[in-house]
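Asks: If you want the building blocks of each chain, they are given just below.
Number of protein chains: 2
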Amino acid sequence: MFKDNEAMRTNLSELGEFGLIDHLTKSFEPKISSTVKAIGDDAAVMDFQSKQTLVTTDLLIEGVHFDLAYMPLKHLGYKAVMVNLSDVYAMNGTATQITVSVAVSNRFPVEALEELYAGIDLASKLYNIDVVGGDTTSSTSGLLISVTALGVAEKEDVVYRDGAKSNELLVVTGDLGAAYMGLQILEREKQVFKANPNSQPDLDKYTYLIERQLKPEARKDIPPLLKKLGVKPTSMIDISDGLSSEVIHLCKNSQLGVNLYEDKIPLDPAVINVCEEFELDSTTIALSGGEDYELLFTITQDDFEKIKGNPNLTVIGHMAEENEGMHLITRANTKIPLIARGWNAMNADDEESEEKKD
Amino acid sequence: MFKDNEAMRTNLSELGEFGLIDHLTKSFEPKISSTVKAIGDDAAVMDFQSKQTLVTTDLLIEGVHFDLAYMPLKHLGYKAVMVNLSDVYAMNGTATQITVSVAVSNRFPVEALEELYAGIDLASKLYNIDVVGGDTTSSTSGLLISVTALGVAEKEDVVYRDGAKSNELLVVTGDLGAAYMGLQILEREKQVFKANPNSQPDLDKYTYLIERQLKPEARKDIPPLLKKLGVKPTSMIDISDGLSSEVIHLCKNSQLGVNLYEDKIPLDPAVINVCEEFELDSTTIALSGGEDYELLFTITQDDFEKIKGNPNLTVIGHMAEENEGMHLITRANTKIPLIARGWNAMNADDEESEEKKD
Chain G
1 MFKDNEAMRT NLSELGEFGL IDHLTKSFEP KISSTVKAIG DDAAVMDFQS
51 KQTLVTTDLL IEGVHFDLAY MPLKHLGYKA VMVNLSDVYA MNGTATQITV
101 SVAVSNRFPV EALEELYAGI DLASKLYNID VVGGDTTSST SGLLISVTAL
151 GVAEKEDVVY RDGAKSNELL VVTGDLGAAY MGLQILEREK QVFKANPNSQ
201 PDLDKYTYLI ERQLKPEARK DIPPLLKKLG VKPTSMIDIS DGLSSEVIHL
251 CKNSQLGVNL YEDKIPLDPA VINVCEEFEL DSTTIALSGG EDYELLFTIT
301 QDDFEKIKGN PNLTVIGHMA EENEGMHLIT RANTKIPLIA RGWNAMNADD
351 EESEEKKD
Chain F
1001 MFKDNEAMRT NLSELGEFGL IDHLTKSFEP KISSTVKAIG DDAAVMDFQS
1051 KQTLVTTDLL IEGVHFDLAY MPLKHLGYKA VMVNLSDVYA MNGTATQITV
1101 SVAVSNRFPV EALEELYAGI DLASKLYNID VVGGDTTSST SGLLISVTAL
1151 GVAEKEDVVY RDGAKSNELL VVTGDLGAAY MGLQILEREK QVFKANPNSQ
1201 PDLDKYTYLI ERQLKPEARK DIPPLLKKLG VKPTSMIDIS DGLSSEVIHL
1251 CKNSQLGVNL YEDKIPLDPA VINVCEEFEL DSTTIALSGG EDYELLFTIT
1301 QDDFEKIKGN PNLTVIGHMA EENEGMHLIT RANTKIPLIA RGWNAMNADD
1351 EESEEKKD
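Protein chains in written order, with our numbering: chain G, 1 to 358; chain F, 1001 to 1358.
Simulated from the structure, these hints should not be mistaken for lab results. Virtual Cβ for every residue (Gly too), placed ideally from N, Cα, C. Hints are not guaranteed to be accurate.
Claimed, not checked - The following residues of chain G were derived to be distant from chain F, with all beta-carbon distances above 12 Å:
| hint | residue |
| --- | --- |
| 1 | 37 |
| 2 | 62 |
| 3 | 109 |
| 4 | 155 |
| 5 | 175 |
| 6 | 191 |
| 7 | 204 |
| 8 | 215 |
| 9 | 230 |
| 10 | 327 |
| 11 | 335 |
Claimed, not checked - Straight-line Cα separation of at most 27 Å, BS3-like style, residue types lysine-lysine; simulated pairs:
| hint | chain 1 | residue 1 | chain 2 | residue 2 |
| --- | --- | --- | --- | --- |
| 12 | F | 1155 | G | 26 |
| 13 | G | 215 | G | 205 |
| 14 | G | 252 | G | 264 |
| 15 | F | 1306 | F | 1165 |
| 16 | G | 31 | F | 1252 |
| 17 | G | 31 | F | 1031 |
| 18 | G | 155 | F | 1252 |
| 19 | G | 252 | F | 1031 |
| 20 | G | 155 | F | 1155 |
| 21 | G | 155 | G | 252 |
| 22 | G | 155 | F | 1227 |
| 23 | G | 26 | F | 1031 |
| 24 | F | 1026 | G | 165 |
| 25 | F | 1026 | G | 252 |
| 26 | F | 1155 | F | 1227 |
Said to hold, decoys possible - Now the stretches of chain G that chain F is said to cover, found in silico as 3 or more residues with beta-carbon under 8 Å:
| hint | segment |
| --- | --- |
| 27 | 42-56 |
| 28 | 88-94 |
| 29 | 144-150 |
So that you can see chain G by itself, here it is in the shape it has in the complex (with noise of 0.2 Å):
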């Protein structure tokens, strides 16, 4: 987990900032048949037919959204793409390109970056998308990394956070709260390991955990999966900020309440055994834990039986009338209003936000 990165040290300056760029991109062959041109000349260029265009930008620093302390360079390159491929697939789109810029101090070597590239290879192959573009610049502090993700959808597929009605059903992918945890750990391990270097910890009953924080996977899968099955979401948004968070904003979205069943919100066996060791409630951590990037959609309730019994998807709820208010029901059958705290507010007040970024 610790990983040694001194081996081997190239200082920045001996590339210059633009042999750089050319140097860690240098291995990636555009794959996909709308790329016509990626790295290599004033912009990139794609066709993409008659399909919708998707965009989406996320921006990723070094003390603010991780802590290198605990998280492998290539992880982090792997985990910038995940954050914006996450969008795409919230749009019921595919993820076709990206471009990448990074910000670096002179404290890293080339060594580093080169992880750092060597994640969001990966990813791009895992995925299938193209680094179309970047940019790579000094910085007077840190590590800061800025995704652009493209990608395509026909215009019959594009779903929307508006498009939701009452009585609609609330589906989830996956679990959640379990990338919460994982930093829950983390961050308690960082602290042992300050108080003793040597201390070589046991992490395996936490491994998934921690892979859902420091390598998550955007849900790829779910859009041809609704296609195969048959099922146009009405609302779709990702979730990464906690689930409450964005169950709000789809009712907002869509001028709607909600009725959010505890009892229904998946979670894993390892995120309740830990929120255990941690004391922790784990519907808390589950609807403000954030970091999922799962996804968060609305279906009619005609289309329950096509999506019924399949391992990816829980119905957690069902939208409203506006004027219903927007509610979690507890296990105890008590009625309690749904409020937003993002995980960056958890360890803070009890502040209400309800915004969130695009």
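Starting from the known structure of chain G, fit chain F onto it as the hints suggest.
Replies: For chain F alone, coordinates are given in the frame of chain G:
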């Protein structure tokens, strides 16, 4: 010039990270017909019909690419957009949308970011593009802007860097070297201001140079002008790093040599004057200055009559066979090898740098 930004200070935390992006972009109304969905969903959606899609991205970092001591934030926002649009025009395309991500430390009040976004907004209005997405996040130090621009072009109109042929004419738009000399003026005034904060600089005679540095304009007019003249360039690139490095790029991408004529390089009289004042050689400045955001392209000899006499376009040389090499023909009619020195390298040593980011 040295504006007092301390007049109003709303702390960033008063709006919160998610509230901030909403606040900054709430007045941004989509106006381009290809924008189907701008800000407000997981990804923006565009419909480019059968046109090809162009994408390019650039990162600007405080202390590396700009100095807020003399760069007003509104100008910075404007320039961050221009830098990207220039790359789209260099493909002979039309810029259509941008995404803007900003990382900012707490030392900036909300009003500072409003200034930055006012510049972005002004650029988007004047250049007829939509801001369709972005991200605002905290930074551990300084200000950083990452812009990605999208554009379109008919397949048959796209111009790459590799299409030039021997004997074709090398053409440049506008004039060169002014942005670099504007920077020299600003750097000098910064030193004067440090020594005596009450000094009132008289910068009137440097207006053109300073504007070229602080508020560059991308050559949106050139692709339609060329279309109107019935000229399709055989290769094209934008001049961000200085004429010589861009000429070398066209040569290398097209596997050609070049003869560039010193006496043809277009210089504004203000550049000539200020170069004398600074005891700098104006040809060197034009060749290596950078940040001009003009376009450099090649045309067939047959097209010369079509562009002849156009005040926007200057023939500065002609392409040659690769084995003839890349040369500058001086006013004294001597032939010297063309070497690339980016503007960053100018104040450093003589190290050769022939690479360029995309």
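Asks: Would you mind marking each hint as holding or not holding in the structure?
Replies: Results of checking the hints against the structure:
no.: 1; hint: 37; in the structure: violated (7 Å)
no.: 2; hint: 62; in the structure: violated (7 Å)
no.: 3; hint: 109; in the structure: holds (19 Å)
no.: 4; hint: 155; in the structure: violated (7 Å)
no.: 5; hint: 175; in the structure: holds (20 Å)
no.: 6; hint: 191; in the structure: holds (21 Å)
no.: 7; hint: 204; in the structure: holds (34 Å)
no.: 8; hint: 215; in the structure: holds (21 Å)
no.: 9; hint: 230; in the structure: holds (23 Å)
no.: 10; hint: 327; in the structure: holds (22 Å)
no.: 11; hint: 335; in the structure: holds (27 Å)
no.: 12; hint: F:1155 <-> G:26; in the structure: holds (26 Å)
no.: 13; hint: G:215 <-> G:205; in the structure: holds (17 Å)
no.: 14; hint: G:252 <-> G:264; in the structure: holds (22 Å)
no.: 15; hint: F:1306 <-> F:1165; in the structure: holds (19 Å)
no.: 16; hint: G:31 <-> F:1252; in the structure: holds (24 Å)
no.: 17; hint: G:31 <-> F:1031; in the structure: violated (34 Å)
no.: 18; hint: G:155 <-> F:1252; in the structure: violated (41 Å)
no.: 19; hint: G:252 <-> F:1031; in the structure: holds (24 Å)
no.: 20; hint: G:155 <-> F:1155; in the structure: holds (21 Å)
no.: 21; hint: G:155 <-> G:252; in the structure: holds (24 Å)
no.: 22; hint: G:155 <-> F:1227; in the structure: violated (31 Å)
no.: 23; hint: G:26 <-> F:1031; in the structure: violated (38 Å)
no.: 24; hint: F:1026 <-> G:165; in the structure: holds (26 Å)
no.: 25; hint: F:1026 <-> G:252; in the structure: holds (17 Å)
no.: 26; hint: F:1155 <-> F:1227; in the structure: holds (14 Å)
no.: 27; hint: 42-56; in the structure: holds (count 14)
no.: 28; hint: 88-94; in the structure: holds (count 4)
no.: 29; hint: 144-150; in the structure: holds (count 5)
Hint violations for this structure: numbers 1, 2, 4, 17, 18, 22 and 23, all remaining hints satisfied.
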